[in-house]
Amino acid sequence: MATHPITLTVNGSQRQGQVEPRRLLVHYLRDELGLTGTHIGCETSQCGACTVILNGQAVKSCTVFAVQADGGQVMTIEGLAQDGQLHPIQEGFWEEHGLQCGFCTPGMILSTYDLLLKNPDPSEQEIRHALHGNLCRCTGYQHIVKSVQYAANKMKGAPAVAD
Amino acid sequence: MKIDGSYTMNGPREQVYETLSDPQALRGCLPGCERFEEIGEGRWETTLKAGVAGIRGEFTGTVTLADQKPPESYTLSVEGNFKGGFVKGVGNISLEENGDKTTVKYSGDGQVSGPLASVGQRLMTPGVKMVANQFFRCLEGKVGSQAPASAERGA
Amino acid sequence: MIPGEFEYYAPTSVQEAVSLLQQHGEDAKVLAGGHSLIPLLKLRLASPPVLVDIGRIQELKGIRRQNGAVTIGALATHADIEFSEDLRGVFPLMHDTATVIGDPMVRNLGTFGGALAHADPAGDWPAVALALNATMRLTGPNGERTVAADDFFVDLLTSAVEPGEVLTAVEIPVPQGKYGTSYQKFSHPASGYAVVGVAALVQMGADGACQDCRVAITGAGPKATRATATEDALKGQQLTEELIAQAAEQAGNGMDFLGDIFASESYRAHLVKVFTKRALLGAMQAAQ
Chain A
1 MATHPITLTV
11 NGSQRQGQVE
21 PRRLLVHYLR
31 DELGLTGTHI
41 GCETSQCGAC
51 TVILNGQAVK
61 SCTVFAVQAD
71 GGQVMTIEGL
81 AQDGQLHPIQ
91 EGFWEEHGLQ
101 CGFCTPGMIL
111 STYDLLLKNP
121 DPSEQEIRHA
131 LHGNLCRCTG
141 YQHIVKSVQY
151 AANKMKGAPA
161 VAD
Chain B
1001 MKIDGSYTMN
1011 GPREQVYETL
1021 SDPQALRGCL
1031 PGCERFEEIG
1041 EGRWETTLKA
1051 GVAGIRGEFT
1061 GTVTLADQKP
1071 PESYTLSVEG
1081 NFKGGFVKGV
1091 GNISLEENGD
1101 KTTVKYSGDG
1111 QVSGPLASVG
1121 QRLMTPGVKM
1131 VANQFFRCLE
1141 GKVGSQAPAS
1151 AERGA
Chain C
2001 MIPGEFEYYA
2011 PTSVQEAVSL
2021 LQQHGEDAKV
2031 LAGGHSLIPL
2041 LKLRLASPPV
2051 LVDIGRIQEL
2061 KGIRRQNGAV
2071 TIGALATHAD
2081 IEFSEDLRGV
2091 FPLMHDTATV
2101 IGDPMVRNLG
2111 TFGGALAHAD
2121 PAGDWPAVAL
2131 ALNATMRLTG
2141 PNGERTVAAD
2151 DFFVDLLTSA
2161 VEPGEVLTAV
2171 EIPVPQGKYG
2181 TSYQKFSHPA
2191 SGYAVVGVAA
2201 LVQMGADGAC
2211 QDCRVAITGA
2221 GPKATRATAT
2231 EDALKGQQLT
2241 EELIAQAAEQ
2251 AGNGMDFLGD
2261 IFASESYRAH
2271 LVKVFTKRAL
2281 LGAMQAAQ
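Protein chains in written order, with our numbering: chain A, 1 to 163; chain B, 1001 to 1155; chain C, 2001 to 2288.
Some hints here could point you the wrong way.
[Said to hold, decoys possible] Cross-link-like lysine-lysine pairs, in silico, DSBU-like; alpha carbons within 30 Å at most:
1. Lys2273/C - Lys1129/B
2. Lys2061/C - Lys118/A
3. Lys1142/B - Lys1088/B
4. Lys2273/C - Lys1105/B
5. Lys1002/B - Lys2273/C
6. Lys156/A - Lys118/A
7. Lys154/A - Lys118/A
8. Lys1142/B - Lys1105/B
9. Lys2178/C - Lys2235/C
10. Lys1069/B - Lys1129/B
Hint data in this document are derived by calculation from the structure and do not stem from the laboratory.
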């Protein structure tokens, strides 16, 4: 089967590859680029463990072909911390015990990233609505919501991060 | 999975029954039928390429007509494999006179396994009904318009 | 889960897409946002040999308001609709409906046109398109044609889009005068699909009576359907809660209800009445 050349900007650096059209973005990120922070959970577009930011929006990378993302900008969980400094969302999950086993965490964090871009000051209800597509089997939702609130507060208070 | 439904077609009950139990008519109306070979009394092996919208697959299995009580009823069993899993079902087909028309009632119970069953479950009942309607509509077109079944055998 | 092999084309114009579809005939399937199709491909329930990805066709994107109508490009995502203030101002139910589809990631990629063309019996947009009297614009080998929403949803997972055609845009007329809209949905708690969803549009005349109304049901049968008996019971009447409750009893008349492990046929029939009433009350309040 013919392969297609693709160029993606992943976490700020340009990556080129040849992929079969049926190659899912999540497999490309994990298997070819070694970015295994993006997890594969349900594989049926439900759990949100594979969430990445594609062209500024949270998407389920198990439900996108790598060829569809050609020319796009991708940010995975590995691209969030800058210069060894945790992103405020990551810090929130650390401070508020937003993870137990950690499997859903990259997806939770990147969905939160999408939420806070669109709505820097979400209510608890809005946070729960925004995380509707991310499942935590440890059922740590209370702490996850607190982590998001921590991050929202921190990002508001820090002019360097605020838009 | 339980399936119930009915289809009213033009034609007297005897003729409708004849069409509904005629292998040639069944062969022509089973969706995407590519093979329909008799392997025993009232038993056929078939290959169908069928589906609803983009969900298409090849089904290979057996179709059995049993308990034939002309012109009232028979039992139709289907068993076989398709890409998305395994299917097994038994249905009762009964014919009721309805003026100069005949109402065909079907009620059955089926089991489906595999990914189609787990993910496509909510679409399965309406999918089966849709295919059943197409099947009966096609058979309706053949009622009374064909030579007796025996004459066509071996064709 | 890895889909079966397929050839992939990413045309950049509708014309190019149509000629690719024509060239490959039955083998080709259109890929838009992919949120109905890719799960099917991964399970190998569908294995089309050719995918025509229309996702890069710029002319299919965007939401515009002109000449008393709203035109929504087929590639507008559920999120585009959810966050379009302009659209929300004209049809609040578009926003309300978008927010109850899937989850944020699904809404970021899933498209309005894809959802309509897919004609899922439990999809939310088919009911909205029917209630708002939308017109679908299609382009095929013989040029453009339009199909009214009433004729668009043919059967289970079957829309009026012919092989070789692409749904390009949806046009929704903005009613004159006072009107209100509402979408009420009983969601399946796991899948988020509508067990029953009802969309309503109520238009008030100068005399305060209901000049026109459209009600459409999804989730309950093999395809989205209008509740015409309910509509007829309300047209020309001064709307009251009591009258709406009475009219809602007619909703679902003659429908072939779905029954499954989650909701029986009679339960769905009951829900249709309840949600029709809620949608009409919501639309009536919004119209005042």
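Comparing the hints with the structure gives:
1. Lys2273/C - Lys1129/B: Judged against 30 Å, a Cα distance of about 24 Å means the pair holds.
2. Lys2061/C - Lys118/A: Holds. Lys2061/C to Lys118/A sits at ~20 Å (cutoff 30 Å).
3. Lys1142/B - Lys1088/B: holds (27 Å)
4. Lys2273/C - Lys1105/B: holds (28 Å)
5. Lys1002/B - Lys2273/C: holds (25 Å)
6. Lys156/A - Lys118/A: Holds, because 13 Å separates the two Cα atoms, which is no more than 30 Å.
7. Lys154/A - Lys118/A: Measuring from Cα to Cα gives roughly 16 Å; hence the hint holds.
8. Lys1142/B - Lys1105/B: Answer holds: Lys1142/B to Lys1105/B is near 18 Å, not above 30 Å.
9. Lys2178/C - Lys2235/C: With Cα atoms ~15 Å apart, Lys2178/C and Lys2235/C stay inside 30 Å; holds.
10. Lys1069/B - Lys1129/B: OK: Lys1069/B and Lys1129/B at ~24 Å, within 30 Å.
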